[in-house]
Structure formats: C-alpha cells, structure tokens
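Fit chain B to the given chain A structure using the hints.
Protein chains in written order, with the numbering used here: chain A, 1 to 327; chain B, 1001 to 1256.
Fair warning: there could be bad hints in the mix.
One-sided excerpt, in silico: chain B residues whose CB lies under 7 angstroms from chain A [stated by the list, open to error]:
1) GLU1134
2) GLU1200
3) ILE1201
4) THR1202
5) ASP1213
6) PHE1233
7) PRO1238
If you are wondering where the hints come from, they were derived from the structure by calculation, not from laboratory data.
We put the beta carbon where it would ideally sit given N, CA and C, even for glycine.
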Amino acid sequence: MKILLITEQREGKFNKVSFETLAAAQQIVQHTKGSLTALVSGKGIAPLADEFADSQLDEVLLVEHDLLEKYTPDGFSLALRQIIENTKPDLVLLPHTYQVRDFAPKLAASMGKGMIGDCIGYRYENGKLIFVRQMFQGRTAADVVFAGDPPWIATFQASAFRADLVTKHASGKAPVKPVTVDLRPEQIRTKPLELFREAKQAVDLTQAPILVSIGRGIKAPENIPMAEKLAKLLGGEICASRPICDEGWLPMERQIGSSGQTVAPKLYFALGISGAIQHVVGMKGSRTIAAINKDQNAPIFEVADYGIVGDLFEIVPAIIEELEKTK
Amino acid sequence: MKIGVCVKQVPAKDAPLAIVEAGAWIRESDIGFETNEPDSYALEEALRLKEKHGGEVVAISMGPERAKQTIKEALAKGADRGIHVSDDHFYKLDPLGSARSMAAALKAENFDLILTGLQSDDQGFGQTGVLLAELLGRPHATIIMAIEVTDSRMKLKRELEAGWFQWVELPLPAVLSIQSGINKPRYATLKGIMAAKKKEITTVQRASLGVPDAHTQHVERIYVPHKAKQTEFITGQPKEIAAKLVEKLKHEARVL
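With the rest of the complex left out, here is chain A (with noise of 0.2 angstroms):
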C-alpha cells in the first residue's frame, strides 16, 4: 500500500501528533509491504522536511509556497489535492489536530473521496486495512473500512500511537525532493489574522503532582468545594473535563483535554468523569488513575488502574474522612 503521511508544523515546529501518525504510518507500511511518502508543507522550512528525512520512509516531499505559510482550509485542501493527485497514493494519513478536523473532510470531499477520521487504531485482517474509532462519546468502538476506490483519508487521534516507537531511517536519510503547487491568492477567501493566547496561566496543570477532576457527574456547582477539599488534602490541585468549563463552573485555564492542557500528574483523580476521547487523550499518560463513576461501563475505566462504581457523593466525602482520620 502506498501511503502519503501529512505532516503539520506550526512556527517551525512540528506538532507532536505528527509523529505519532509517522509511527503508525511506518507500521501500516510493514503490514501492507508499501511505500511511504511524507510531506512537509508551509514556507522556509526546509530545515523541518530536512528532520523528517531521519526517519524510515522513503521520500519526503518539500512544498514550500507563500501562501502555505499560514493556514487556510481553502490553500491548504487545494495545494494537497494538486499532491495527491500526482503522487497517487493509496492512503493518505493524517494527524487529527483541530488543523486538520477543519481542511481534511474538505480535501477529501473535493475530490469526491470520503474520510475515516479521529481514529485510535487500525488493524490489517485478511489484505484488509480496518480502522477503529470512538462512537457515542468513548462507549463503544467501531471498526470502519473504506469502500470505493483510492485515495482513502485518514487521521489518527492524539496519543493513539508512540512517538517513541517511529524508527530511524536504516541508511542515514530518506530523500528530500521539492515539489510545486500552483496556488493564487484569488482562491483564498479566509484571511488569517493574529494567534494569541488569552490572559496568562494562573495555574499550571502540568507540573501538579496530583489532580483531582471533575465532570457532569459533579451535578452542580455548589459540589465544587468537596472536590477542592479532596485535592488541598491530597495536595494537588482541582481541574475539570470540558462540559464544566463551559458551564463556567471552573475557569477555562482548568480545562484538561485536547483544547484545555495535557497532563501526567503521578495520580489523576477523576469524579464524574466519563471519558470522552477529547479527555483522555490529555490524561491517559499519567502513573495513576483513580476513578468514580455511577456507571460501571464508562469509558473513564478503561484506563483506571482503580475504579469505583458507586455514587460519588457518598464515596468522595468518606475518602476525605479517610484522609484526615489518617493525617
């Protein structure tokens, strides 16, 4: 199978999940005893494509263009349409970055191709590439094939793969062979502007020894305060999953997730938490998960290394007497 892997790259930076596509890139190529291509796209970075190369693929694609330099749906979806349609790949794979989630479905659709998107994993059965991906937010799994001809598009979700794991190339360096694409302003019609952060982080997740978050299963805000007095006696510090800092129950800069922050704390307390993939992708690496939940089915569980089923209201405040009965 002949697979061109998508890369993408901000300020000069690849993103992580980048590479965590090249790793299952390099290991659906193994499977199906292909080719793989990569592409590093945007403008004066040739010194990124020059990075990729030492890795264990055969060719990196270089497409440098003015346009490419900041992001659009409409540049990007037609300069990759003008690769892929010389390069002729069977599958192309992406990272499922909010980039990507806003161009690929695009991409593919103008050329009347459909694409498999946010997926955790693959399996090759049979000469047969299965996808899996999350339904019903985490609770259950379904294997997706394609149907039709090639090019097939697809994106894995963060952290569905290591980074780790992506093997250097065997002989030094892939290639690295620049390629053209025909873009004109005219057919641009988003203007980017500035990229900015809102007011500073008061608070740094990431260097939290322990977190205790919360979810819908919090019911209300005036729940809060129990939550807070769990993580002041564990010594940690109070986040939550998105639906709470929505409601404006926590401040946004709280949020852990794949548009709040991704943490790995040496334990993560998760009180009514169900674990949609949004969650655990910026969780799921941290040494110790507990977790309590009504229902014993909850996607949350399948990465607790301890679980509770049962009614966080009457469990949380017996761990807080627990804790201070043993201070």
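Chain B in isolation, oriented as in the chain A frame:
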C-alpha cells in the same frame, strides 16, 4: 440575515446503550433521545445573531420521525421554522452521504450563514459543517468561539489547541462549526413552547433528493471497547472503599 442551523437528535446522555445483534448500531427501542448538546450552542448563536442583525433562523434536522422533536425544541427556543429531512435509516449514511443529503435539501434556501455544532455525541464524525461548505461552494471555519458580523464579512475567533486562539476573517455566505462553551444556551419559555405550535416544519423525504447511495466508508460493527488497562475495582460500603483506596494509593501505587 438568513441563518440555517443543523440540529441532530442523539441518544440521551444517560441512555443505556445496547448494541444490536448485527453489531453496527444500537437498539433504539426503550431509550430516550435528546438534542445533540454541541448543536444547542450553534442554535443559541444563531438566535443571538438574529436578535442583533434581524432575519430568520431555520432549524434543520435529518433523521426518523422522532427527530422532529429536536426541531420542535429549537422552534420553542425561538427558531422561526424547521426542515425535517426524513430517513429512518439515516445512521447508515457515511459523513459524505449525510452532508450530500443535507446540502441537497438546503441548497434552494440560499442561507447567508449555516451553523452546526462541532460534532455529534453519537457518531462523532465531526465533519458535517466542513462538508456542507465544500458541497455548497461556501467558505467555512470551525471551532468558533466568537462571531462579529460587519456588512458582508465576519470576524471569527477560532479555538486552536492548548489554549491558543486565532482571529480569521471570512466573507458571507459561509458555514461555521461552533465550539461548545461559546455561549449559554437558553431554555425554552412557556410562551415559546406555545408559539412553536404554530410554526411550520417542512418534511423532505431524503430518498426524494436524488443523492446517490454510494458509500465511501462502512461501519462494519460497533462493540464495547477492549480495555487498555486492567482496572482494579474497589467495592464495599463507602467507608470501606475509602479505606481500601487510600491504603492502595499509599502502599501499592505509592502516590500519596
């Protein structure tokens, strides 16, 4: 401003999910359905834009007969009329097939702006807004946290990862996927619920739209996920659980 907002009906958050024997969908009998939460932010944003700039809000939902309930809820909150794209087996469509059907049903409406939620809480493909834009020949932007409309252009705040944002400008007409948390969705008032009874819902049979059934992908089966980790479940009365957990965190995991 003529605004279309796509709202999907999905299984209720706490609905027990049973996978049907063939394995590609859930058993729909005995479970409750509700409006997809991310779409309620898109609806709220549409209503606020109408309040500010005037015009009309049309709520569009594809699904079986029950999906009308989600349109009715949108009408009760303030949408002016509804379009129901009717198909009992719409869950078998792939993202492109869904979007092609929606695009065919909406094309003649010539909306200035189409809003969708970021993704659905059931299939979670997260592609509908982007695909609608491509199929209707409109520009788009996704993960939107603020909309400022001036004449025929919009200034939009897009959320990026890890706390970053970006301002972008787009011409109208356009399609936007709204990020959850952009606003506080309103509740329907009693007056709104009464008024909704007089509002029109047009039903379009999906089969009549002439969209080919060619799939680009198939969901072969759905299943309870395999566990990545061996979870040790701690059971007992709350006091016992607390004692056991603290003991394990101290002496087994050594994290306290």
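Do the hints match the structure? See the list:
{"no.": "1", "hint": "GLU1134", "result": "holds (4 angstroms)"}
{"no.": "2", "hint": "GLU1200", "result": "violated (31 angstroms)"}
{"no.": "3", "hint": "ILE1201", "result": "violated (27 angstroms)"}
{"no.": "4", "hint": "THR1202", "result": "violated (26 angstroms)"}
{"no.": "5", "hint": "ASP1213", "result": "violated (11 angstroms)"}
{"no.": "6", "hint": "PHE1233", "result": "holds (5 angstroms)"}
{"no.": "7", "hint": "PRO1238", "result": "holds (4 angstroms)"}
Comparing the model with each numbered hint stated earlier shows that hints 2, 3, 4, 5 do not hold.
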